[in-house]
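Chains as they are written, first to last, in my numbering: chain A, 1 to 336; chain B, 1 to 400; chain C, 1 to 289; chain D, 1 to 257.
These are calculated hints, taken from the structure and not from any lab test. This one's a predicted model, so the numbers in the text were calculated from it and none came from an experiment. Using N, Cα and C, we set each Cβ at its ideal position, and we do this for glycine too.
Cross-link-like lysine to aspartate or glutamate pairs, in silico, EDC-like; alpha carbons within 20 Å at most:
{"hint": "1", "chain 1": "B", "residue 1": "281", "chain 2": "C", "residue 2": "141"}
{"hint": "2", "chain 1": "B", "residue 1": "40", "chain 2": "B", "residue 2": "343"}
{"hint": "3", "chain 1": "B", "residue 1": "265", "chain 2": "B", "residue 2": "179"}
{"hint": "4", "chain 1": "A", "residue 1": "147", "chain 2": "B", "residue 2": "135"}
{"hint": "5", "chain 1": "B", "residue 1": "217", "chain 2": "A", "residue 2": "132"}
{"hint": "6", "chain 1": "B", "residue 1": "44", "chain 2": "A", "residue 2": "281"}
{"hint": "7", "chain 1": "B", "residue 1": "397", "chain 2": "B", "residue 2": "170"}
{"hint": "8", "chain 1": "B", "residue 1": "149", "chain 2": "A", "residue 2": "132"}
{"hint": "9", "chain 1": "B", "residue 1": "265", "chain 2": "B", "residue 2": "289"}
{"hint": "10", "chain 1": "B", "residue 1": "281", "chain 2": "C", "residue 2": "116"}
{"hint": "11", "chain 1": "B", "residue 1": "315", "chain 2": "C", "residue 2": "116"}
{"hint": "12", "chain 1": "B", "residue 1": "89", "chain 2": "A", "residue 2": "281"}
{"hint": "13", "chain 1": "A", "residue 1": "147", "chain 2": "B", "residue 2": "154"}
{"hint": "14", "chain 1": "B", "residue 1": "155", "chain 2": "B", "residue 2": "345"}
{"hint": "15", "chain 1": "A", "residue 1": "111", "chain 2": "C", "residue 2": "94"}
{"hint": "16", "chain 1": "B", "residue 1": "313", "chain 2": "C", "residue 2": "116"}
{"hint": "17", "chain 1": "A", "residue 1": "111", "chain 2": "C", "residue 2": "175"}
{"hint": "18", "chain 1": "B", "residue 1": "217", "chain 2": "B", "residue 2": "170"}
{"hint": "19", "chain 1": "B", "residue 1": "44", "chain 2": "A", "residue 2": "277"}
Chain A is faced by these chain D residues, among others (derived, beta-carbon under 7 Å):
{"hint": "20", "residue": "73"}
{"hint": "21", "residue": "77"}
{"hint": "22", "residue": "105"}
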Amino acid sequence: MRARSSRYALAIVIVAAVVGAWLVPSFVHGNFWLHIFDMMLINAVLALGLNIILKTGQVSLAHAGFMAIGAYASAQLTLKLALPFLAAFLLSGILAAAVALLLGRVILRLKGVYFILFTFALNEFIFLVSKDAVALTGGNTGLVGIKAPTLPFVAGSLQTKAQFYYLALAVFLLALAFLAALYRSPFGRAMDAVRESEQLAEATGYDPMRVKLIAFVIGSFLAGLGGSLSAHFLRYIAPFNFTFWESVNFLLMNIIGGSFSLAGPIIGALILTPLPEFLRDYLLWQQFLYGLILMLFMRFLPDGVTSAIGMSVRAVVDWVRTPRRKGAPVAAETQP
Amino acid sequence: MSCLGGLRAKLGSAWKAGVALAALVVVAGAPNATYAQGKKAELKVGFIAALSGPGMSWGMGMLGGLELAAEDVNKAGGVVVGDTTYTIKVIAYDDKYAGPPAAQAAQRLVSQDEVKVIFGPLGSVSMLAIADTTESNKVLVLSNSYTMKALSKDKPYTFRLTPTTAENSDPMVAFIAKDLPDAKTVAIISPNDESGKEVQSHSEPAYQKYGLKVISKEFYERGTQDFVPVLTRIMAQNPAILDLDGSTPVDSGVIMKQARQIGFKGKFVKVGGPGVADSIKIAGPAAEDLYYYSPWNPEEPKTKALTDRFEAKYKIPMNGLGIFFYEGAHMLFATMKQTKSVDTDVLRKALESQKEYMGLQGRYVWGGAKAYGINHQWIAPFFVGQVRKGAEVMRTKIEP
Amino acid sequence: MITTSTIAQILVNGLTSGAFYVLMALGFTLIFGILRLVNFAHGEFYMLGAFVVYHLTTQLGLDYFSAVALSALVIGLAGMMVEKTVFAPLRGRELSMLMSALGLQIAIQGVMAVVEGVDGFSIPSPVSGVYRSSWLAFPYERLLVVGLTIVVLAGFYLLIKHSTLGKSLRAVAQDGEAALMQGIPVNRVYAIAFGLGAALAAIAGGLIAPIFSLHVYMGQAALLKAFIVVILGGLGSIPGAVVGGLLLGVAESAFATLFGGLTAEMLGFLLIMGVLLWKPTGILARADG
Amino acid sequence: MSELLSVSGLSKRFGGLNAVSDLSFSIESGSIVGLIGPNGAGKTTVFNLVCGQQQPTAGEVRFEGRVVNALPPFERVRLGMARTFQSTVLYTDSTVLENVLRGLAARSGPAVWSGVPGLGRWRAYRDDLHRRAFDLLDFVDLRDVHDITARNLPYGHQRSLGVAIALATSPKLLMLDEPVAGMNPAETAQMAQLIRRINQQGTTILVVEHDMSFVMQLCGHIIAVSNGRKLAEGTPDQVQRDPQVIAAYLGDEDVAA
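With the rest of the complex left out, here is chain A (with noise of 0.2 Å):
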């Protein structure tokens, strides 16, 4: 349970962060340090997608696959029936989830490692498809001219970065909310259950393969809707912007962050997104790095940053909250 004041310290951390969040376009001027924030911010919506999929435990290596269905719909969508970005954007979401809501019923009742060998093959599949299906995704050249994103009440297209990162963080923000409130509610306690042991889970009433569809239907969504933003926001989308390997990155960020917190994901995509910048000068080194990197966080920090975070800043409230009065009773237990 948590004490009453750290509680109010983690609603002025959220407040600060919106706000801070909120200000970056003002205070950062350079076209490319935007360009990094809004893919940060569209890496950072992939990852909380995933992190409600992996809430119940199941591990997914085809999140890219949903993300190139949302982005190669959403471009169709605009490209070809003219429809507004609002519109195009949703029925990306909407329709990487029918994708998921029809395989989902049928692999979530594959096991750990036969999950993840389905979903590695899933992605594959989806990348093949994209190259061959030249009619539908320009096949290996994609898809260009794709335009930039316009709002109902807002003239004009969000053409310049610092436009595009209002809408982009606005989506993320929503996201996060969603989840947050989700993850706090009776469902957020299924999936929770549902992870730690499926098979007690089933027995105190909770229906597993539900939880898991609804969490694994809610992730493709956000999957969708990010492949929707990174299509209009890039302009331009070919296979290769969605292979196995993008999957990996944002599998990445949630174990890098910490896949048991909603701040995992988010902190993942703020370190991985700008991460190949600073590894352009060792070149050469820098695929070996990104290796050696991933191999020692598995090592030394499995439960990713934020853990090593949440444990510093528990013990700094501990230590904060044990009695120095005198006398004072230790606090038996605190009734909420």
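With chain A's structure known, arrange chains B, C and D on it following the hints.
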């Protein structure tokens, strides 16, 4: 920014061939800031290509060509543009042969490093990914890439230095048709990637035009090593010629070896993609009589001097892209000198109106109005080579 | 177009690629069966094996067959060391081991790209010439691969079935804790199993190098095939790897020859998606699969 | 007293082995029934068939008169059939309190979306959940270890936490799979006491157990099975004196069926 040349030195000279990537700047350690008030100034030139991963040897070839040209110019005191002499500083970024990293690299070059000219990228996907950034910032792009979509009227600042099969296949097929009068049927095998479909769409009409019938078009996935099943399918129609299209030198070598093993008696042709040394090494005798597109004549003295200089510095063999980027860089510097300006609008118009450029290889002209709607395609002289007893023999030179 | 000669050619082609797939899948399924580890770095041991054979034959002039044997030994030992340093501390944490294997894959590729560069190399094949009959062409070097694969399979079978190491491998595969209770040095068995898997991949690399070419990124495609075969045959099942390998080899050869290369590639994925949905443990997997 | 659970003609065949063949019995509401039999008699299979872990090859399981064969375990729990596990199955990484909360929430949160934090309603729902959780922990006297992760609990406490989680689903029938396996006499007595208190609250108990003295003291009604068939049924005394049961236990296998 530590330059990669230093990195290689740190790792010791016993190092294997194939790694060296020196962004050597003659004015080593020149302060980054432009100290341009007086006569001296530094012109930063951007470069994007696959400098890691499978496409690395192509990307390094391009970068090497550019750097050697920069080296020449800087050795000669810099580019005199009006009243300022510029020393050239190359800033190279790796795009891992993919769209998003290329867009990110272009964004960094344009807004962080404030370059006005970018050489590269290598692949079509990267080419299309950076177009938005470069065109909106009026940045001159001198690229490679195969796709028809690269050049268009609404991309005034985008040029292509390497001729594609759209330009080469017609004259080359004409020569081969004359050289092999009795060959009437052709099969084309190409990788299922961005070059594959494009190159096939150029070579097929060329073959038809010169009376050769394309009886089979096959694709294989990148990374395939056993081509025998697909070759068995092709052999069933027993074509006289097997066109290796845009396959990499390594894949081409393996395809030729395996085709001979299962009894292919016809001739091999490679219309797209330079670099045949690897193919000969891997295919051995199977590469006999291979007709191939060669951007240069390796024995021609001036070219030989350049390739030797490249190998001495980068410890890897030079490939065709290096030659185009060497000549292209010199052409650009000469145009700057001639127009007395580094403004990309001035340069753009100068390039479009440039009648010809006499380079190491001969006459280069700008073309492509018919194919792309804009004269931004550099058409270069090239050679049709043939493998005779393991040696590269230049059969003819084709002038634009 | 379908004549008996094309069918014969399809079977022969399928046999060769099948043999290669079996070798790759064998090592992979051994490592999964015993360590419960999906070894994403398996393709890199295959690539390392090929390069060791390349250097032994071209630089040191060793004869081909001893080069393959030596390479298998070297990579096997390297595999054991890797297991001890990277995977042993993560015992029991399946996701961490999986991600570490991914990290290992990228790291090995990164180092080799720096050391070997990215161009292609090739090794002169120990055997040349092609067996040609009226309706069949079968290069001898491919026959050699099939032959050596059978030898390796036989050797592996004997090791598993009749040697003490084989018994302890099988015991650990069934239940690590039970094996521990019976005094089997489980940690050493894990290391040996990983080393053996790596050695098998190195042998596949050594056998294949002269027929195809070798380059630093050859591991990726080989890993994909090993995945498909192991899922078809059943994770952790040795006979499954053999049957799955041959099945995929022949099926791909048939599809590639009849319908073209791309459909053959698509086929692999459709097959495993079908198998995973119909019988998640694979065709021949053990019950506990 | 009405019949809560009735099993008729229940059979389960694994390949050639008849784990359970043509077994029928019924359990009165409010009673404590023991299911005994030598090792490999099929007790656990019967247990799994009743709670839906496995499907029978023949026969019916009725709960409150309704056939439940087709219902998966989580549906049966919602009808009021809860179970514990032979090998302790807990949310080992979560605290004792969280284990119980999950048991409570699973049963009481019918709709997935109920309680999406509308703050007021949600806080009330959460406080009620916590109150009931602490009451339950008092009942099994695990309150003072409520913030310890389940993994660190001593074996005895883990077993009673298992029971607490099953109780959290407020079952009408609680099925215990060898609740005192591996327990010392003191812990066994404590568990028997706990089970009686649960029964006094109106929950019918079905116990599968080896420990004869535990079963004989605790259960009002005993069903003895061997080789998947019912040997005898009745009060503890009747079953103890039944020659077939004695023979089955003392190893004279071929007693005439």
